[in-house]
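**Q** For the protein sequence lines, the chains are A and B, in the order given. Anchor point for the first sequence: position 180 equals 180 in UniProt numbering, and the numbering is continuous, going up by one each time. Anchor point for the second sequence: position 95 equals 95 in UniProt numbering, and the numbering is continuous, going up by one each time.
Among these hints, one or two may not hold up.
[Stated by the list, open to error] Looking from chain A toward chain B, a few residues come up when the C-beta cut is under 8 Å (computed):
1. T97
2. N98
3. E128
4. I175
5. R179
6. L182
7. A256
[What the hints assert, rightly or not] When the alpha-carbon atoms are kept at most 27 Å apart in a straight line, the in silico DSS-like pairs for lysine-lysine are as follows:
8. K135(B) <-> K214(A)
9. K32(B) <-> K158(A)
10. K135(B) <-> K65(A)
11. K102(A) <-> K389(B)
12. K242(B) <-> K4(B)
13. K3(B) <-> K275(B)
14. K359(B) <-> K230(A)
15. K113(A) <-> K275(B)
16. K102(A) <-> K32(B)
17. K154(B) <-> K158(A)
18. K275(B) <-> K107(A)
19. K65(A) <-> K322(B)
20. K275(B) <-> K72(A)
21. K111(A) <-> K181(A)
22. K363(B) <-> K181(A)
23. K135(B) <-> K111(A)
24. K359(B) <-> K389(B)
25. K11(A) <-> K249(A)
26. K178(B) <-> K158(A)
27. K102(A) <-> K154(B)
28. K3(B) <-> K102(A)
29. K275(B) <-> K65(A)
30. K181(A) <-> K275(B)
31. K72(A) <-> K11(A)
32. K158(A) <-> K4(B)
33. K102(A) <-> K4(B)
34. K178(B) <-> K230(A)
Simulated from the structure, these hints should not be mistaken for lab results. A virtual CB, placed ideally from N, CA and C, is assigned to each residue, including glycine.
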Amino acid sequence: MNEITQALKNKNAFIGFAVAGYPNFEKSAKYIVDMANAGADLIEIGIAFSDPSADGPTIMNADQKVLENGSKTEDVFRLITEIRKDTNVPLVFLTYTNPVFKYGYEKFLSKMKSLDVQGIIMPDMPLEEQEAFINIAQQYGRAFIQLVTLQSGNRLPKIVSHASGFIYVVSSLGITGSRHKLSNEANEIVTRIKELTDIPVAVGFGINTYDQAKLFSSADAIIVGSALVKIIEEHPDDATTYLTEFIQKMKGARNATN
Amino acid sequence: MTKKGYYGEYGGQFVPELLMPAINEVTEAFDKYKDDLTFKRELKDLFDNYANRPSMLYYAKNMSKDLGGAQIYLKREDLNHTGAHKINNVLGQALIAKRMGKTRLIAETGAGQHGVATATAAALFGMEAEIFMGKEDTERQALNVYRMELLGAKVHAVTTGTQVLKDAVNATFQDWTKRIDDTFYVLGSAVGPYPFPEMVKYFQSIISEEARSQFLEMTGRLPDAVLAAVGGGSNAIGAFAKFIDDSEVELIGIEAAGKGVNTQQTAATMALGTKGIFHGMKSQFLQSTDGQIDPVYSISAGLDYPGIGPEHVYLKEINRAKYVPITDDEAVAAFEYIAKTEGIVAAIESSHAVAYAMKIAPKMRKDQQIMVNLSGRGDKDVAAIARYKGVNIHE
Numbered sequence: 001m002n003e004i005t006q007a008l009k010n011k012n013a014f015i016g017f018a019v020a021g022y023p024n025f026e027k028s029a030k031y032i033v034d035m036a037n038a039g040a041d042l043i044e045i046g047i048a049f050s051d052p053s054a055d056g057p058t059i060m061n062a063d064q065k066v067l068e069n070g071s072k073t074e075d076v077f078r079l080i081t082e083i084r085k086d087t088n089v090p091l092v093f094l095t096y097t098n099p100v101f102k103y104g105y106e107k108f109l110s111k112m113k114s115l116d117v118q119g120i121i122m123p124d125m126p127l128e129e130q131e132a133f134i135n136i137a138q139q140y141g142r143a144f145i146q147l148v149t150l151q152s153g154n155r156l157p158k159i160v161s162h163a164s165g166f167i168y169v170v171s172s173l174g175i176t177g178s179r180h181k182l183s184n185e186a187n188e189i190v191t192r193i194k195e196l197t198d199i200p201v202a203v204g205f206g207i208n209t210y211d212q213a214k215l216f217s218s219a220d221a222i223i224v225g226s227a228l229v230k231i232i233e234e235h236p237d238d239a240t241t242y243l244t245e246f247i248q249k250m251k252g253a254r255n256a257t258n
Numbered sequence: 001m002t003k004k005g006y007y008g009e010y011g012g013q014f015v016p017e018l019l020m021p022a023i024n025e026v027t028e029a030f031d032k033y034k035d036d037l038t039f040k041r042e043l044k045d046l047f048d049n050y051a052n053r054p055s056m057l058y059y060a061k062n063m064s065k066d067l068g069g070a071q072i073y074l075k076r077e078d079l080n081h082t083g084a085h086k087i088n089n090v091l092g093q094a095l096i097a098k099r100m101g102k103t104r105l106i107a108e109t110g111a112g113q114h115g116v117a118t119a120t121a122a123a124l125f126g127m128e129a130e131i132f133m134g135k136e137d138t139e140r141q142a143l144n145v146y147r148m149e150l151l152g153a154k155v156h157a158v159t160t161g162t163q164v165l166k167d168a169v170n171a172t173f174q175d176w177t178k179r180i181d182d183t184f185y186v187l188g189s190a191v192g193p194y195p196f197p198e199m200v201k202y203f204q205s206i207i208s209e210e211a212r213s214q215f216l217e218m219t220g221r222l223p224d225a226v227l228a229a230v231g232g233g234s235n236a237i238g239a240f241a242k243f244i245d246d247s248e249v250e251l252i253g254i255e256a257a258g259k260g261v262n263t264q265q266t267a268a269t270m271a272l273g274t275k276g277i278f279h280g281m282k283s284q285f286l287q288s289t290d291g292q293i294d295p296v297y298s299i300s301a302g303l304d305y306p307g308i309g310p311e312h313v314y315l316k317e318i319n320r321a322k323y324v325p326i327t328d329d330e331a332v333a334a335f336e337y338i339a340k341t342e343g344i345v346a347a348i349e350s351s352h353a354v355a356y357a358m359k360i361a362p363k364m365r366k367d368q369q370i371m372v373n374l375s376g377r378g379d380k381d382v383a384a385i386a387r388y389k390g391v392n393i394h395e
């Protein structure tokens, strides 16, 4: 968990995302390492789910492709083993509750520990349903990343009190994917969170341009998911240069703000 | 409920943080209005004077005689306004939405009956309605799509995933996350995060509340068995609810086996499913060992769902209810049988329950009685059944 804090706190950090196994196992491993080399401070590894209800079409299509290729949870673990040969960048899983539940909470968290994956995000496990999972996550020293939204209101202090790793602020209503217009309302939430905790705060959902990367100056990090998946979708065989340039551009935008 | 939101270990609220405030708002409103006398009076007035309640309990004399065993009674939810039990729940939820000041109703639909009911309530209350329906279902149930549009609703054909009911539920939840302030998700089945399973049960319980007193009045005693089709399980939970405490009444849910429980083309969640967490609830699902939700199949768009309401799994676990599969072929045979025997065109969903009655009635004594919940009428299915039978209809 400390690796996450060190990677993000006061760093104008950039968090990337990749769907494990997309477009295929080998390329996926390479592109994740490429992202780390390009300067991503932390990478979220998406474990594909058949019904990714918080995700927009870009990630949904990637998930579907991966599952059509026959990828299993164990393949994702194998992928992490490969990646870990080349990079120590902090990693967190992003998936839905069911694949983790089916694998078994304890078995899954134990596996995360042995693979050196520092945390996990499960968008369909809200505060009300987290207790059992968080207790085990703590035993294994894995972070459970809390999500906060513009709607969270008076739920915020309680969510923050259960947070570890970093706090994920959802920038706007709706699902993942690019937005033409993105307001900087989330900055206000970031400020409120910072009054309550020292845990790093990251803003995500809908960020895909240089100007949007500059919007959330108060956050320790921005999270970009769909835009990176889109690059891989458009350049499945040779995404390295595009990913690198994009990440460097977005990091540049972050550094230009502070 | 054993603890709030849970039936044994099943139920809960597994939804994104983005939706929790909206879900909590619905919970508060439901808790407030379910025991509110003015609310209940207004709902009863809508039931009696708009939806054509109470629905009759009809003694199916020809069927009973022909099958030669137990006496068969049909709870005629097909005679409700809009042609199915769905209207009971929709009027209740729409009334809550109205009290909450919401102006836009969204809903998923499989066979189209819930979508039609939601479009109807929206028209009645002067609200906007947007209905999400799997693209495959819009083709199977084209007539219902037009009905919804006629009622002023906007129908979205969902092209993601398997393009059926499951995907329509995903799409409706997604829409809700985009627009919360003025929007109420009218969930049609006894599934999803709390309070939906409980709220759907509450409004659908009118079925067993009426049936229980109708049985006592007509026959002097309760039925020996209550049969209802289950997809998500809304008509079944409504038909079971007021009989749950009557241990002498056997409760039987009939699920869609599609081409058979030994094939890949099935929707028999109870026979083949395993524990999982999906669509906001811990329940039983058809899924891979990796927790990926399986594509499912049934001739019935309304039963074509990979999960089931959490209370049904609980009722099964405590041995209070049992669940049995019926195939497409058996359901179609029952669809034709009840039409010819009783002059009733029943929904293909309800025909699954009729098919099971045909199996067990002959083995029962003549002094025993069965209630079959005839959840909907079958006009919507006529074209599809003709196709299934290889009959070419020119319209």
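**Q** With reference to the structure, classify each hint as holding or not holding.
**A** Quick rundown of the hints versus the structure:
The closest approach between the C-beta of T97(A) and any C-beta of chain B is roughly 5 Å, which is under the 8 Å cut-off, so the hint is satisfied. For N98(A), the interface hint holds, the least distance from its beta-carbon to any beta-carbon of chain B being 4 Å, beneath 8 Å. For E128(A), the interface hint holds, since its Cβ comes within 8 Å of a Cβ in chain B; the closest pair sits about 5 Å apart. Look at I175(A): its Cβ gets to within about 5 Å of chain B, closer than 8 Å, so that hint holds up.
For R179(A), the interface hint is violated, since its Cβ never comes within 8 Å of a Cβ in chain B; the closest pair sits about 11 Å apart. Below 8 Å, beta-carbon pairs count as interface contacts, and L182(A) has none with chain B, the closest being about 14 Å; its hint is therefore violated. Proximity of A256(A) to chain B is violated relative to the hint, the smallest CB-CB distance being about 30 Å (cut-off 8 Å). With a C-alpha separation of about 40 Å, the suggested pair K135(B) and K214(A) falls outside the 27 Å cut-off, and the hint is violated.
Among the hinted pairs, K32(B) with K158(A) is consistent with the structure: their alpha-carbon atoms are about 25 Å apart, no more than 27 Å. Distance hint between K135(B) and K65(A) is fulfilled; the C-alpha atoms sit about 20 Å from each other, no more than 27 Å. A hinted pair counts as satisfied when its Cα atoms are at most 27 Å apart, and K102(A) with K389(B) does not qualify at roughly 40 Å. Of the pairs offered as hints, the one joining K242(B) and K4(B) holds, with about 20 Å between alpha carbons and a cut-off of 27 Å not exceeded.
The straight-line distance between the Cα atoms of K3(B) and K275(B) is roughly 19 Å, inside the 27 Å bound, and the hint therefore holds. In summary, the hint linking K359(B) to K230(A) is not supported, as the alpha carbons are separated by about 54 Å, beyond the 27 Å threshold. A C-alpha spacing of about 25 Å is found between K113(A) and K275(B), which places the hinted pair at or below 27 Å, so the restraint holds. A hinted pair counts as satisfied when its Cα atoms are at most 27 Å apart, and K102(A) with K32(B) does not qualify at roughly 36 Å.
At most 27 Å may separate the alpha-carbon atoms for a hinted pair to count; K154(B) and K158(A) exceed this at roughly 39 Å. In summary, the hint linking K275(B) to K107(A) is supported, as the alpha carbons are separated by about 17 Å, within the 27 Å threshold. Simply put, K65(A) and K322(B) have alpha-carbon atoms about 38 Å apart, too far for the 27 Å limit, and the pair is violated. Restraint check: the Cα-Cα separation between K275(B) and K72(A) comes to about 18 Å, which is no more than 27 Å; the hinted pair holds.
Using a Cα cut-off of 27 Å, the hinted pair K111(A) and K181(A) is violated, with the two alpha carbons roughly 40 Å apart. Annotation: proposed proximity of K363(B) to K181(A) is violated, straight-line Cα distance about 67 Å (limit 27 Å). Restraint check for K135(B) and K111(A): not satisfied, since their Cα atoms lie roughly 39 Å apart, outside the 27 Å limit. For the given pair, K359(B) sits about 22 Å from K389(B) by alpha-carbon distance, which is consistent with the 27 Å threshold.
At most 27 Å may separate the alpha-carbon atoms for a hinted pair to count; K11(A) and K249(A) meet this at roughly 16 Å. The hinted pair formed by K178(B) and K158(A) meets the criterion: a straight-line CA distance of about 24 Å does not exceed 27 Å. A C-alpha spacing of about 37 Å is found between K102(A) and K154(B), which places the hinted pair above 27 Å, so the restraint is violated. Under the criterion of a C-alpha separation no larger than 27 Å, the hint pairing K3(B) with K102(A) is consistent with the structure, at around 23 Å.
For a cut-off of 27 Å, the pair hint linking K275(B) to K65(A) stands: about 25 Å separates their Cα positions. With a C-alpha separation of about 41 Å, the suggested pairing of K181(A) with K275(B) is violated against the 27 Å cut-off. A distance of roughly 35 Å separates the Cα atoms of K72(A) and K11(A); the hinted pair therefore is violated under the 27 Å criterion. Note on K158(A) and K4(B): the hinted pairing holds, with a Cα-Cα distance of about 20 Å set against a maximum of 27 Å.
Taking the CA atoms of K102(A) and K4(B), the gap is about 24 Å. The hint holds against a cut of 27 Å. Between K178(B) and K230(A) the alpha-carbon distance is near 21 Å, which keeps this suggested pair within the 27 Å criterion.
Against the hints set out earlier in the document, violations occur for numbers 5, 6, 7, 8, 11, 14, 16, 17, 19, 21, 22, 23, 27, 30, 31.
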